[in-house]
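So you can see what is in the structure, the chains are spelled out below.
There are 2 protein chains.
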Amino acid sequence: MSEKQGFTVLEGGSVTTPKGFKAGGLHCGLKKTERNDLAAILCEVPATAAAVYTTNVFQAAPLQVTRESLVNGTLQAVIVNSGNANACTGDQGEADAYEMRAAAARRLGVNEKDVAVASTGVIGELLKMDCVRNGIAGLPEKLDGGAAGAEEFCQAILTTDLVKKECCVKVKVGDIEVTIAGAAKGSGMIHPNMATMLGFMTTDAVIDGDDLLSLLRTATNTTFNMITVDGDTSTNDMLITMASGLAGNEKLTRLHADWDAFAAAFTHVCQSLAMAIARDGEGATKLIEVQISGAVHDEAAAAIAKTVVGSSLVKSAIFGADANWGRVIAAVGRAGVPVSPERVDISLGGIPVLKQSRPVAFDEEKALHYLQKSDTVLITVALSDGDGKATAWGCDLTYDYVRINAAYRT
Amino acid sequence: MSEKQGFTVLEGGSVTTPKGFKAGGLHCGLKKTERNDLAAILCEVPATAAAVYTTNVFQAAPLQVTRESLVNGTLQAVIVNSGNANACTGDQGEADAYEMRAAAARRLGVNEKDVAVASTGVIGELLKMDCVRNGIAGLPEKLDGGAAGAEEFCQAILTTDLVKKECCVKVKVGDIEVTIAGAAKGSGMIHPNMATMLGFMTTDAVIDGDDLLSLLRTATNTTFNMITVDGDTSTNDMLITMASGLAGNEKLTRLHADWDAFAAAFTHVCQSLAMAIARDGEGATKLIEVQISGAVHDEAAAAIAKTVVGSSLVKSAIFGADANWGRVIAAVGRAGVPVSPERVDISLGGIPVLKQSRPVAFDEEKALHYLQKSDTVLITVALSDGDGKATAWGCDLTYDYVRINAAYRT
Chain P
1 MSEKQGFTVL EGGSVTTPKG FKAGGLHCGL KKTERNDLAA ILCEVPATAA
51 AVYTTNVFQA APLQVTRESL VNGTLQAVIV NSGNANACTG DQGEADAYEM
101 RAAAARRLGV NEKDVAVAST GVIGELLKMD CVRNGIAGLP EKLDGGAAGA
151 EEFCQAILTT DLVKKECCVK VKVGDIEVTI AGAAKGSGMI HPNMATMLGF
201 MTTDAVIDGD DLLSLLRTAT NTTFNMITVD GDTSTNDMLI TMASGLAGNE
251 KLTRLHADWD AFAAAFTHVC QSLAMAIARD GEGATKLIEV QISGAVHDEA
301 AAAIAKTVVG SSLVKSAIFG ADANWGRVIA AVGRAGVPVS PERVDISLGG
351 IPVLKQSRPV AFDEEKALHY LQKSDTVLIT VALSDGDGKA TAWGCDLTYD
401 YVRINAAYRT
Chain D
1 MSEKQGFTVL EGGSVTTPKG FKAGGLHCGL KKTERNDLAA ILCEVPATAA
51 AVYTTNVFQA APLQVTRESL VNGTLQAVIV NSGNANACTG DQGEADAYEM
101 RAAAARRLGV NEKDVAVAST GVIGELLKMD CVRNGIAGLP EKLDGGAAGA
151 EEFCQAILTT DLVKKECCVK VKVGDIEVTI AGAAKGSGMI HPNMATMLGF
201 MTTDAVIDGD DLLSLLRTAT NTTFNMITVD GDTSTNDMLI TMASGLAGNE
251 KLTRLHADWD AFAAAFTHVC QSLAMAIARD GEGATKLIEV QISGAVHDEA
301 AAAIAKTVVG SSLVKSAIFG ADANWGRVIA AVGRAGVPVS PERVDISLGG
351 IPVLKQSRPV AFDEEKALHY LQKSDTVLIT VALSDGDGKA TAWGCDLTYD
401 YVRINAAYRT
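Chains as they are written, first to last, in our numbering: chain P, 1 to 410; chain D, 1 to 410.
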């Protein structure tokens, strides 16, 4: 347990920690190995809910179904499968997504319009619906309000991910302690396997639905959207949040005295999951954090941060522990936003390598040691054009990335 | 020799084939190995000249010097080095570029204002000017109007390139045969080594300077600009063209009856060099050609083509001979331009894999064979939104790309 700005991180907490939530998962046959591939989260009550979706023109069938369920602003359950994205699957894919929703609603005893559907995996193949049907039938008995249920859920949503991703925090709203948690899948910042990122957040806070959606959007912009390269988005990206309201706090709105603390806690969960996704990038050996300051505005800083962290050359250099700052400045210069070229400072892990756009003599041995030994490589770029700042996260580009992606379908 | 639309490709022709041009190169000590690293092209007369430059915010010192030389619209010589980009080198770098120009002018006996300077290699290191000075002193005796001089020149501009890139064509203007040639360096479409692309074109045509610049810009847009990913440009990219006028044809302008034939021939040289750069991409085993049709307009088609050919996932799949069209459609959908998602056709090497956005049952063996055996992989995407079309070129993403770029400076 660690104290942050007004909230507390709960080690070991997960999506079932907030009051009212159960989760679980099982293997139904969509993955070739015996790993879990079907899962659900169930809330005791209809929860205030919000979601953000991929901006890709091509959107998988489950997104349409989930959008429809969310029209009334509530959800009571989420059904999710891995191993197949149910994307570009036409009318049959749509019918399958609706059937998943109906079957989950029936087996979990909730209103069909309160069920979200999410899928992740290969594009363009029809779901094996017999597996899905049998799996859903077996799900209710797997659901559990403790750590075991959350564990099974987290495992079931993974594809090429090496580790599960979860985060849980507590924050005071008035006298009441509320809990916010999240679980996510995604293995790489570079648009890794098409159906790349899914995120599920739960909280027991009482919160206004519109404000929850607006908080979700704001938090996503500085966290999950800062681990995508050049706006890369898959056909299936989705982030869902459900608020059970069972903590019984005074209703949170933007005007509530504790809104900022709640928002900071909520954003922390998003950032923690986003960084975990970047760190677990396909083939990655290091997390890369790029901090930009002094840009003309925050949007410009974000564009630069994402360009640098997404550069194949920067990523390869970090893998090779090569302090090649020339690649960083070249990426800064092609981000498509105004930059004063004569006044740029760059540091690698706190070691200045460029001052006012002039190379600084630095200790190459020290830089090499930093790049070789650090689990997280920090690149800071200070511009002199304004107050805009942003942080983006990514990972290095390695032989394993190529190996994993050269034969994903086989 | 092969006939194309109104022009003839001259196998073995190079930048010295058009009348009036000599070229040559030597090793002066900028590269660690004994390979050539300094070169020049010299024209008998001041040539009508034009250039296009990188759009990167950070521009290397030689670009500024070349821009200044081109103010009067003529060039008589180009001096170029590899092994060092002379970028982010501050006032000293600027002084060095000016000194390169002055020394070349003096040694080659031409006006300083008629000399262009180009550099390519590592960013942020000062040029070893003693090597450059000695090298320039030795250059005049190396210049040669035949194939040998062109060969030395082509070798001298390479960095991680495996092969030299040149192209030469002949085309009739009235009764007169004029020749257009080009040489380029660049080893990879993905912004390969920062100071990535340099191109030098020569012709003996008599041509209006404004029309030459406008032709250069137009031709670049559909050729060299279609091998960069997401508009990636380095600090040193430059394409220079010089027209000696020694063919003695009636002056070419946009209104000349043979303008279209000349423009087609000129564009062919650009396209041939651009494709050669993509094919010689760092670590590449295959050229990838992406043809888009039916987009809302040509600009949209170009954006989609570049997004597809630049996708790490598409590139890895091609390396793995995996007919993973899901990655193609996902890239189409994130290109940031309007697309009707329900009406997309995709073929790989002429094998339809998606029709009206629905998967087509295709022979996986046949697709595998095509992807494994083809030197060039063709991806065609037909949209139903208009008449816009574009072609982009790239290469596969391989283990060798990572190996080459993990330790470029060492």
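Do not rely on the hints blindly, as some may be mistaken.
What the hints assert, rightly or not - Derived list of chain D stretches under chain P, where covered just means 3 residues or more per stretch with a C-beta under 8 angstroms from a C-beta of chain P:
(1) 19-31
(2) 45-59
(3) 123-130
(4) 295-302
(5) 306-320
(6) 334-343
Bear in mind the hints are in silico, worked out from the structure with no lab data behind them. Every residue gets a Cβ at the ideal spot worked out from N, C-alpha and C, and that includes glycine.
- request: Confirm or reject the coverage of the stretch 334-343 of chain D by chain P under the rule of 3 or more residues with a beta carbon closer than 8 angstroms to the chain's beta carbons.
  value: holds (count 5)
query: For the stretch 295-302 of chain D, do three or more residues have a beta carbon lying closer than 8 angstroms to a beta carbon of chain P?
result: violated (count 0)
8 angstroms C-beta criterion, at least three residues: is the stretch 19-31 of chain D covered by chain P: violated (count 0)
message: Is the listed coverage of the stretch 45-59 of chain D by chain P valid when you require three or more residues with a beta carbon under 8 angstroms from a beta carbon of that chain?
response: Our answer is that it holds, as 5 residues pass the Cβ test (under 8 angstroms) against chain P, meeting three.
query: Are there three or more residues in the stretch 306-320 of chain D whose C-beta lies within less than 8 angstroms of some C-beta in chain P?
result: holds (count 7)
query: How does the coverage statement for the stretch 123-130 of chain D fare against chain P, requiring three or more residues with Cβ below 8 angstroms from a Cβ of that chain?
result: Coverage by chain P holds for the stretch 123-130 of chain D (3 residues, Cβ < 8 angstroms).
Hint violations for this structure: numbers 1, 4, all remaining hints satisfied.
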